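*Asks:* Using the hints provided, position chain B relative to the given structure of chain A.
From first to last, the protein sequence lines stand for chains A and B. Residues 523 to 867 in the numbering used here are what the first sequence lists, from first letter to last. Residues 136 to 443 in the numbering used here are what the second sequence lists, from first letter to last.
Please keep in mind that the hints were generated in silico from the structure rather than gathered at the bench. Values in this document were obtained by computation on a predicted structure and should not be read as measured data. It cannot be assumed that every hint is accurate.
List of simulated lysine to any residue pairs, SDA-like, C-alpha gap at most 20 Å [unchecked claim]: (1) 376(B) <-> 735(A); (2) 412(B) <-> 691(A); (3) 412(B) <-> 735(A); (4) 412(B) <-> 721(A); (5) 412(B) <-> 722(A); (6) 284(B) <-> 812(A); (7) 734(A) <-> 250(B); (8) 412(B) <-> 738(A); (9) 641(A) <-> 704(A); (10) 734(A) <-> 567(A); (11) 734(A) <-> 259(B); (12) 734(A) <-> 216(B); (13) 734(A) <-> 412(B); (14) 230(B) <-> 206(B); (15) 412(B) <-> 737(A); (16) 284(B) <-> 250(B); (17) 141(B) <-> 216(B); (18) 619(A) <-> 638(A).
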Amino acid sequence: MIPLDSNISSGGEFLLQVRHLRTIFQTEQGSLPAVDDVSFNVRRGETLGVVGESGCGKSVTGLSILRLVGPPGKIVQGEVLFQETNLRELSRSEMRKVRGRQIAMIFQEPMSALDPLMKIGVQMIEGMQEHLGYVRKSAWKQGVELLQRMGLPQAAACMNAYPHQLSGGMCQRVLIAMALACQPQLLIADEPATALDVTTQARILDLLRELKSEQSLTMLMISHDFGVIADVADWVAVMYAGQVVEYGPAEQIFYRPSHPYTQRLLASVAGIYSDVKQEYLPVVEGTVPDMGALPSGCRFHPRCPEAEADCRKIHPELFPIGKEGASHWVRCLKRENVRVKPHAE
Amino acid sequence: MLEIKKLYKHFVLSRTGQRGLGPIAENRQMIRAVDGVSFTIDQGESFGLVGESGCGKTTLARCVLRLLEPTAGQIFFMGKDFLALSGVELRRQRKRIQAVFQDPYGSLNPRMSIGKIVEEPLVIHHLGTHRERKEQVGELLHMVGLDDKQLNRYPEELSGGQRQRVALARALVTRPDLLVADEPVSSLDISIQAQIVNLLQTLKREFQLTLLFISHGLPIVRHLCDRVAVMCQGRIVELTKTREIFENPLHPYTRELLEGVPEPDPRIQRREADQRKQRPPRAGSQSLGELEEVAKDHWVAGGIGVKA
Numbered sequence: 523m524i525p526l527d528s529n530i531s532s533g534g535e536f537l538l539q540v541r542h543l544r545t546i547f548q549t550e551q552g553s554l555p556a557v558d559d560v561s562f563n564v565r566r567g568e569t570l571g572v573v574g575e576s577g578c579g580k581s582v583t584g585l586s587i588l589r590l591v592g593p594p595g596k597i598v599q600g601e602v603l604f605q606e607t608n609l610r611e612l613s614r615s616e617m618r619k620v621r622g623r624q625i626a627m628i629f630q631e632p633m634s635a636l637d638p639l640m641k642i643g644v645q646m647i648e649g650m651q652e653h654l655g656y657v658r659k660s661a662w663k664q665g666v667e668l669l670q671r672m673g674l675p676q677a678a679a680c681m682n683a684y685p686h687q688l689s690g691g692m693c694q695r696v697l698i699a700m701a702l703a704c705q706p707q708l709l710i711a712d713e714p715a716t717a718l719d720v721t722t723q724a725r726i727l728d729l730l731r732e733l734k735s736e737q738s739l740t741m742l743m744i745s746h747d748f749g750v751i752a753d754v755a756d757w758v759a760v761m762y763a764g765q766v767v768e769y770g771p772a773e774q775i776f777y778r779p780s781h782p783y784t785q786r787l788l789a790s791v792a793g794i795y796s797d798v799k800q801e802y803l804p805v806v807e808g809t810v811p812d813m814g815a816l817p818s819g820c821r822f823h824p825r826c827p828e829a830e831a832d833c834r835k836i837h838p839e840l841f842p843i844g845k846e847g848a849s850h851w852v853r854c855l856k857r858e859n860v861r862v863k864p865h866a867e
Numbered sequence: 136m137l138e139i140k141k142l143y144k145h146f147v148l149s150r151t152g153q154r155g156l157g158p159i160a161e162n163r164q165m166i167r168a169v170d171g172v173s174f175t176i177d178q179g180e181s182f183g184l185v186g187e188s189g190c191g192k193t194t195l196a197r198c199v200l201r202l203l204e205p206t207a208g209q210i211f212f213m214g215k216d217f218l219a220l221s222g223v224e225l226r227r228q229r230k231r232i233q234a235v236f237q238d239p240y241g242s243l244n245p246r247m248s249i250g251k252i253v254e255e256p257l258v259i260h261h262l263g264t265h266r267e268r269k270e271q272v273g274e275l276l277h278m279v280g281l282d283d284k285q286l287n288r289y290p291e292e293l294s295g296g297q298r299q300r301v302a303l304a305r306a307l308v309t310r311p312d313l314l315v316a317d318e319p320v321s322s323l324d325i326s327i328q329a330q331i332v333n334l335l336q337t338l339k340r341e342f343q344l345t346l347l348f349i350s351h352g353l354p355i356v357r358h359l360c361d362r363v364a365v366m367c368q369g370r371i372v373e374l375t376k377t378r379e380i381f382e383n384p385l386h387p388y389t390r391e392l393l394e395g396v397p398e399p400d401p402r403i404q405r406r407e408a409d410q411r412k413q414r415p416p417r418a419g420s421q422s423l424g425e426l427e428e429v430a431k432d433h434w435v436a437g438g439i440g441v442k443a
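If we strip away everything but chain B, and leave its shape as in the complex, we get:
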């Protein structure tokens, strides 16, 4: 359904930007935010993209949404070359790809009522009559767990969790095929995070969504995703089924990510801390070579785990 081939996005730094990096960071002229990434997402699949801040995962998402133009590479959506589209045709396809972002405060227009916010995509894409649109909006709000009382309220009157529900309703009102969710829960409180994860689970089924789920934390991905790609410095270092990532992580960076997660269990934490102490510190750079298939559907970069 979505195929990404050798995607690159490089940012050239301005002179002031270079000066800002100063004496400690090395002086670079170009940031290779996304550096040759390829993967496919099947219809109905939930695909997790995991990595730390600055690894390029958000840039990649923005390229998929065509909010940024990639430097090189190809994106195919439903078999069509998505990057070649323009004008009316691009608009038509965009309706089928929607997004939810991390910051529910910045992503809702503070001067529009909740009803207007959720209705806007329908207006932009000329969908339905006035009455049909109102019905759709009501139905969507109901599905994300909000009621009609919220219709005439403004974003500032809602909590973070409620805002993220509004953002979800807005994304789904055009009945998209692909939902790009960029860290949709990381700015929320723990009890609210679990609520939104459950909601995503329900919506995924109701709308038969294909999901590109971006997160810096592995644990939540485990719940929602069928396959996971781990990104590091603009490249994918490991890509496999969710189960496999947790049970048999091969790339050292994946392992580090998994071990770094503080678990709510004092005994496990103590054990992991001891393990970290015994291991020599990580040697500067990661092996970031080409992905190779080391087992069925298990791809790892840099020749790690390849049987001799």
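Next up, chain A with everything else stripped away, as it sits in the complex:
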């Protein structure tokens, strides 16, 4: 087990450090490790993109950070260090002060994340009243300003509207505004643009990028879409079957992917966008394994064209590759040859 220690960074302060996080779900099939030994860092002012297919554990990772995983799920191991505080050790009431105030989260389906029976405005000001002690009037005023900043036309009218009266894109702007209302240090965005149309999606991403550069907002962006990740992420963690299989700076992951899964998945996505009209797309054969019946050894080996006998037996660890200090980590036995050699003491 390797901690992602300080050699992964070249200066800069970590706002969030996740260490060997393990979240299991107790089901009839036994305990399923939805998140299994996940570690990563998020530096202040930067965005970490967590990417993977459905069921790979990326959403549960986001929820685990905020301790929002309910039964039958349970966080059983690991640390979530937020500004040096281990969130797993906080009491419930202390945790309540973190949620929404220090770390805010936005969810995939904007329409269902809002209460249909409450006016937008009333939902907007809840957090500000709770965490910042604003009185209703000033919170409301602040709410209108926030909505304007998010680029919503008729912000004042929106505050008095109900969620069903707004479009999906408008609801997502409301949610982002709500998440930012208490000026959190970290924003966890779980598929914030997935349910939206292409043009709306582009505008939401523009908005997030703007917030990032203007207010140096730190973000954890969860998405299945490599395009969205390419758009906003400085760092990328690729997840497969509950584990991080590759981790590094965005440019490394996109232009020099190392893990066979990342390589092939990117090729199949890039194929769709490529200028050359190939008849057949490169694909990753097979399907994501069932959490209840994980393959032995490397979890990707049944789908991996490079797999050898060892891959079926040995479960690889996440280790650094390339030049020393390149901060590129991979979980694959076939990449041992490029592993960074530990210093001889």
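*Replies:* Okay, now just chain B, sitting in the frame of chain A:
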């Protein structure tokens, strides 16, 4: 092979529906889901229909399948007036037009086994003896990449990708001439999307299919289709060869659609974001006039790109 002429489908809203639109959406009594759409699809061609949600593309597909009756306009299928058909004759033609839908969970009967689901169209159209039907079903399942083990399973036991394969087998078992595919991959995972796109490519050739492929995303259309029509607010705003759409998009809405697609390449994304920043925001409505041919086989709405 398929000719659509000035097709309209309007929905009249009930009073409750109007109330629901509330103070922000403008109050409309009628939704013009499809508003005067015309195009033709040739034998063996793959035709892509692209647009954002609510642009009317699914309504159009439902009209082609006659799951909805159009308000006005004509549809000709193999030279026959498809909308005038009824009874036995309609049933006979319907066998030749089959469909695959977006949601592979909602489109398969959960109480029927996979074998029964794929066999059903043959039963409905009285095709073949019992044994012939069983053979056909086995053959089709094999072609879509499923094996005999799946025959007696139920939809709930299959993954989304496998279900979409079943839906494809069911659609092709009557050997249709035209396949209407309404967002067949958009609810699937990326690695599975590529698999289904490749499968469609193979099946297209094997069955000499004519394909009406509906999608909200342009990239996948690029792979499968020969020509593309871009729809916006119930109308077609641009229609041309696939290559042309990507290399020389003329309508501003088409451009916006193309630029909006997040590509898996950080450098391209950054460049496009900068471009968006420099351009003034889109003026409210799009130019949605009549289509005009501005170059050979390149049609654009609203007099854009017409040489003076």
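*Asks:* So, for every hint listed, does it hold in this structure?
*Replies:* Now for the hints, and whether the structure bears them out:
no.	hint	result
1	376(B) <-> 735(A)	violated (40 Å)
2	412(B) <-> 691(A)	holds (19 Å)
3	412(B) <-> 735(A)	holds (14 Å)
4	412(B) <-> 721(A)	holds (14 Å)
5	412(B) <-> 722(A)	holds (15 Å)
6	284(B) <-> 812(A)	holds (18 Å)
7	734(A) <-> 250(B)	violated (53 Å)
8	412(B) <-> 738(A)	holds (19 Å)
9	641(A) <-> 704(A)	holds (19 Å)
10	734(A) <-> 567(A)	holds (7 Å)
11	734(A) <-> 259(B)	violated (58 Å)
12	734(A) <-> 216(B)	violated (57 Å)
13	734(A) <-> 412(B)	holds (15 Å)
14	230(B) <-> 206(B)	violated (24 Å)
15	412(B) <-> 737(A)	holds (18 Å)
16	284(B) <-> 250(B)	holds (10 Å)
17	141(B) <-> 216(B)	holds (14 Å)
18	619(A) <-> 638(A)	violated (25 Å)
Violated hints, listed in ascending order, are 1, 7, 11, 12, 14 and 18; each of the other numbered hints is respected by the structure.
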